[in-house]
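Number of protein chains: 2
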Amino acid sequence: MSKPKFVFFFGGAEATVTSKDILGGKGAGLMEMTKIGLPVPAGFTIGIPACEEYYKNSRKLPKPIVEEVKANLDRLEKQVGKKLGDPKDPLLVSVRSGAARSMPGMLETILNLGLNDKSVEGLAAKTGNPRFAYDSYRRFIQMYSTTAMGLSKEPMEEMLGDMKKKLGAKSDTDLKADDLKKLCEEFKAFYKSKKKAAFPQDPLEQLWGAIDAVFNSWEADKSVTYRRVEKITDLKGTAVNIVQMVFGNKGDNSGTGVCFTRDPNSGENVFYGDCLINAQGEDVVAGIRTPLKLIELEKKVPTAYKQLCQVRKTLEKNFKEMQDLEFTIEDGKLYMLQCRTGKRLPAAAFKIAVDMVEEGLITKADAIARITPEQVEGVFYPIIDVAAVGSAKLRELKIAQGIDAVPGSAAGKLIFNAADAEVETKKGTKVILIRRETSPEDVGGMFAAQGILTATGGKTSHAAVVARGWGKCCIVGCEALDIDANAKTVKVGGKVLKQGDEVTINGTTGEIFLGALPLKKPEQTKEFKTLLGWCDEIRRLKVYTNADTPRDAVKAIELGAEGIGLVRTEHMFFKDFKVPANSEKRQLAIQEMIIADDVEARKKALAKLLPFQRGDFKGIFEAMDDKPVTIRLIDPPLHEFTPKDDAGVQKLSKVTGMSPEHIRLRCDQLHESNPMIGHRGCRLCITYPEILDMQVTAIIEAAVECEKSGIKVHPEIEIPVTIDRKEIKILADQIRAVADPIIKKAGSKVHYLVGTMIETPRAALLADEIAEVTEFFSFGTNDLTQLTMGLSRDDAGRFLPDYVLPEKEGGKAIFASDPFVSLDQAGVGQLLKLAIAKGRATRKNLKIAICGEHGGEARSVKFCHTIGMDAVSCSPFRVPIARLAAAQAVIEEKAAAKAARATVAKKTAEKKPTRATAKAPAKKAPAKKAPAKK
Amino acid sequence: MSKPKFVFFFGGAEATVTSKDILGGKGAGLMEMTKIGLPVPAGFTIGIPACEEYYKNSRKLPKPIVEEVKANLDRLEKQVGKKLGDPKDPLLVSVRSGAARSMPGMLETILNLGLNDKSVEGLAAKTGNPRFAYDSYRRFIQMYSTTAMGLSKEPMEEMLGDMKKKLGAKSDTDLKADDLKKLCEEFKAFYKSKKKAAFPQDPLEQLWGAIDAVFNSWEADKSVTYRRVEKITDLKGTAVNIVQMVFGNKGDNSGTGVCFTRDPNSGENVFYGDCLINAQGEDVVAGIRTPLKLIELEKKVPTAYKQLCQVRKTLEKNFKEMQDLEFTIEDGKLYMLQCRTGKRLPAAAFKIAVDMVEEGLITKADAIARITPEQVEGVFYPIIDVAAVGSAKLRELKIAQGIDAVPGSAAGKLIFNAADAEVETKKGTKVILIRRETSPEDVGGMFAAQGILTATGGKTSHAAVVARGWGKCCIVGCEALDIDANAKTVKVGGKVLKQGDEVTINGTTGEIFLGALPLKKPEQTKEFKTLLGWCDEIRRLKVYTNADTPRDAVKAIELGAEGIGLVRTEHMFFKDFKVPANSEKRQLAIQEMIIADDVEARKKALAKLLPFQRGDFKGIFEAMDDKPVTIRLIDPPLHEFTPKDDAGVQKLSKVTGMSPEHIRLRCDQLHESNPMIGHRGCRLCITYPEILDMQVTAIIEAAVECEKSGIKVHPEIEIPVTIDRKEIKILADQIRAVADPIIKKAGSKVHYLVGTMIETPRAALLADEIAEVTEFFSFGTNDLTQLTMGLSRDDAGRFLPDYVLPEKEGGKAIFASDPFVSLDQAGVGQLLKLAIAKGRATRKNLKIAICGEHGGEARSVKFCHTIGMDAVSCSPFRVPIARLAAAQAVIEEKAAAKAARATVAKKTAEKKPTRATAKAPAKKAPAKKAPAKK
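Residue numbers (my numbering), protein chains in the order written: chain A, 2 to 935; chain B, 2 to 935.
Just chain A, same shape as in the assembly (with noise of 0.2 Å):
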């Protein structure tokens, strides 16, 4: 029972404890190192169950936690010789930070903890060095004030820097001991003058002050808004780590560094890092000296440097992972400070993780699980070459902030219109097209552009979603840019920029930035590929993408694709991906028909259309010889392609030969109040069956043509926005009607599936009659999310903030992220797990797959395996990430299920005793009739 409970003694006891979850990360490092023989200073963790207990009792750390605290200091001071605020040989210790993930400087650190009047002379004493015992006094008496007591940083600095001035000193190190006894009388007069009380002399009081800093800026709003920044969502507090501090300014014997046992950019397998000699660990990350590098330590102190070498290797055979170390050298002796799991760049991610299975550190299974969805994003796309431009002049060049909506770079010339933004790139100009909000009419301008910045609209609106299609680097919602389309200029903070100005646009982060700025090219490294080559053995998901082009196929196939899950054929109306000329005549054709008075009218619009469906058609599957292509015939409302503007109208009357009146009164009695929810997807072939058959025809004779020239077709007809058995098996028969006599007549052999988008509610009700004359399933999970939760994508960045955000940012984190990026298990999910067993109820083989956005989302797409389905499809440049997640998801299972046998195994081992038990006396039972006997 005295065991201590929250308190963790380094190399204790209680070293059994090694949980992150309870340490923290630096905690575990620390104890980890320290058991595994590595030199540590001594110390001990106040747990993060502690941080829990602290909040509970509104800000205050219990009585018992205050015990064990003083416990474990008694046993630090033994341990190390040396006593809190001795005036001789006082004992000094930093007080850090420590959650369970890294949350590079939220969390604060108080170091030199223990220094007071008196005991300030003892170090200086001891180290013969006053200066150093007077520098570390002002540094301590600056942390504790701003960070335990609340007081600002600047009129401290101000001190510092006014001294400076007067004595002339151009640097810190050029003020003497005297001086910064001086400046620590400065700082006291001003803490007593500021708080009405003494800067604390007992070190006591030091310490208990600092933990509550510590504990307290868990909750600081700079820490709130990281974790949801960062989705950190499992975190439950910080831990504080008590440990003797160790110096690396004592002398040219002394030093201190931060490395990485490999190299976190490229992924290399060398000692990477920098030190400093003569210094402490802050100067190294402040950046005020210029640090060596690593190496030159073996120069300066080799014992040391050689220990260094060997502690890199014991720790990646410890941790199986790249490390990210903190060391000092105090007086020749080194001491590890920290470690942790490394960050790295993207590409090193996989290069470390490829090379640790091939030299046997790890399995394949490790490596992928290891692999985050961001570091496959992160390979593909352009960055800013910050090197290049300098930090501080990005800051002052950035103009405003919009939602990141596909990740990358962009630099270019504003152009505020589609047709311009062609015309400029035909010319050879890299432009940035800048639009309130983007339509289907756009897409050409959207494609020609280097990257897409829009005003309002959120990650799944229009733009977003067509530019994730193509991995273009898109900014949406940034609210801040007031566009005049007419005059061709954007009011953002104060400027006014004007048609053909340079701007650079980061859509990893959502920042435009003033100027075209330097980008640095991405590739494919043969380490992400072979990662990924890893993934595709062993997951059982299938991999296809949304393509609409011969072009995002062949990316999506150098990707990984294993098919098509979805093309979306009226994509092609407004854009000749071949044949750009031949754009305004697709667009005025799909015009015609829209406003076709009557069949023939419509009939005769459709048959222009139907050779460029053909010809689309027909790359789509050249591009994917042999692999399945899913076709979904036109889903959106025929509004969307109307004429926008009076020359728009003017050209389709001289088409038709229709009146620009009554064009515009067909295109008004188009107009719907909710078109989400209107006249579109399959309706709009039951209301026009003429559509349907012109798409059959040139999907079909599509199919036939390249069969003959040698190319294998699967092609898979796909009806969107199904919501009742009949309706499908009407339209399924109209297709076989169609395509059927096409096959036959050509004496082919192709043969297509029907299948259907399930992306209703009604449709996943009553998914087995649907399954009954349906040969696949789809889930369209975008509208899904929006019908099943009565949310428009387009209209609910008015108040999803308020939905997702927490409430220190004044929301009220009802969800826990976006359902239009993460799909929303909770709800929609109900609908696919019934939809698939309802499905695969009537029809066993029925092929099922997801083809929202959500289909190249990590979670997503482990939700999808997990019920059960056979793929998913996401656009090209999330093709790699699905391949992880479907194999992570494969990983997680058996790792599941490998628990749950452990479980069972432990039940059954708890229950063999008991049965032994049990037996025992039946045992007995003769032994004792046995006396009887006698």
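No wet-lab data here; the hints were simulated from the structure. Some hints could be false.
The list cannot tell twin chains apart, which means a pair is met if one copy fits it or any two copies do.
Simulated pairs of lysine-lysine, BS3-like, Cα-Cα distance not exceeding 30 Å [stated by the list, open to error]: (1) K908 - K127; (2) K839 - K863; (3) K727 - K61; (4) K727 - K223; (5) K727 - K834; (6) K863 - K727; (7) K727 - K237; (8) K730 - K223; (9) K750 - K609; (10) K154 - K166; (11) K645 - K492; (12) K57 - K727; (13) K848 - K834; (14) K730 - K237; (15) K730 - K57; (16) K556 - K414.
Mind docking chain B on chain A? Use the hints.
Same frame as chain A, now just chain B:
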């Protein structure tokens, strides 16, 4: 095996078959009358299954049925002692259609079949009346040529006319036998010229042609349309009745008549009908001669009249229903030609049902079961006094046809905007408000108007829903109206009507007429109240009303509402029903709230609204003393309340001091792509909690004040558009935090509930979680239908007809009815069942109701009963329908249970002998052993 399967002889061995589903209505009536000994001409019925066979066999009667018909014809000839086509004394037959339910005028009939050039002479000789014989023959040729052979009617009618002109004959009866004989020749020549064959002389050929004609009429366009309009989906075809002709035109001892066993207009228990002496049945129907009152028959043919009165009694005793009869007297002998349940006016339906209960003929349950929802509805609404106008005149005055949104009729001056409608009404003018579509701003004018007419929208558009709530006559979606609201004119069918022109609208039929036609006032009869009282005795489902004003509440109580299931608080925002002068103040306050730039400004505006809302709620609590009142917090998106024109903006600018530009900007910012799934419902209170604070304060303060003045209050506060447990928990907590202190401070004992609308699929799917924090559910099936089906009710008019219309009318017949009118049980119904099960699993005593439009639709109400809801809520005028349907649901449930018990009993009875048989060998076994013992 020789027993006929498809053809049934009246009174024959097969008289056990009496089902209308097999014999059709007419056949069943004749069979039944024969069976109970009434005088019926000899004949037989070719059953409805034969019609199905006919169509299965490509519109050809299969051989075995042909044989059966021949056998029955033999039997008929034998029974009457005459032969079809006999040149001396021919048997003539009628060939009549007859479906399981009456489809008046839709299906075909051929009379006098069996006449040819020879038998007509025989008939002339036998009757001594050549004129009668040739008149019969020319009628037969006409009927047969047009009905069976597809010739058009006009030419032969013209030939008849020409002959009359030539001979100076005023009416048909002025034509002599020879004239008619000549006419027969002309007809036959005409027939031959058209059909390139002589008019068939073989009576059997005539018979097969006539049978085909009747069967073919089943799928004729007009029949198909009729069935769709009448929502007849369960009929499988028509029977064919072949009956010996009897003649009422054989002299003054002959006659014919149509009568009802009770007065179908008043329902009074008097013999009611018309007859003609010396005439055939068709003459009564055609109205060529003015018929006599039935009572006259007593003087003319007393024996037959006495017999007829006996028939009346026998039939009512037998059928326990008011019957509609056709009879003919031939030479003093009465023949019953038809009996069927008589159609009646709505009020009469109630009187007859209640009288029959009092007469001991039927039970209360029988009475309830036979009332239709349409009869209930029909009791309420004013109708055009057709008698006063004249039906021909009425047809002439019709100018357009819209969608029948709310039944009843209204007449008044056309007014083009809501404000004018209010002004004119104050002057005492009766107005019809005509709008392209209506919005909440129009509510005042809508309320003032006699009737509402819109050019767009469907049965659940704003106009329809609001009008239905008031039981106010309304026609929507009349696309023929080309409205110019500024010019205050409407173009329709070539005419231009301007403001002030008089029209009459019939919301029951969707017809619009020129001029203010005379209307008849409805009244609720004693019997109506008695019967609905009986409904209340047996129903389990409570019936609440949707009401937004004390006036509606009072009306609803009169109509039997037990509480308010839905108060739409936002309906109070635009209209002060007590002090109309305050309406503008309310409107400006809500607009001020909406455009407020910050919380303080919003709170200021809300403070202005508070007293209005409190006053509204007080009025409602007073009206609903001791009855529950469910009050829904603000639901629609805010942009619905913004000023719609410049004058509105200017007014608001004056009140708020905001510039018109800024107001317009704020209004623009509220624009949404899909407002139905946008920022609405409780999302508004998540974003603007101060709106909830105001509304809850108003509700609870009103409740507390009412309670003090002795009124019992049961407020239930309802949160709309919920999607998540946490969301509703936040709001429920907030409601209690506002309400409880008010109650406590007042020392009041007001008890209130907090509940939610279930109107998103997600809320239904997570009902178990949501029930943790709510005390009642109310299904908002309007929205739930929209979301489950992904179907915007405002836009669905564009394509829903394609889903609901039958193929013959260019539709696909995907749904049996509009899912916004009758609940989609297969899809939405699944979610309701799921949510009820999940909700009750969490909270056993959860109150569950429905408050969508479906709550007043009979089929949907029955479904709500079946799935275990506690209550339905509907607009006041639909309360009686809901009471009726709820009672019918209990009756149907009992009948189903009884039928199930009977099936079990039958199975048990069937099993018993089996068991006995099974046991038999066992019993025999010892018997077998016995001899062995011998």
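### Query
Checking against the hints above, which ones are violated?
1
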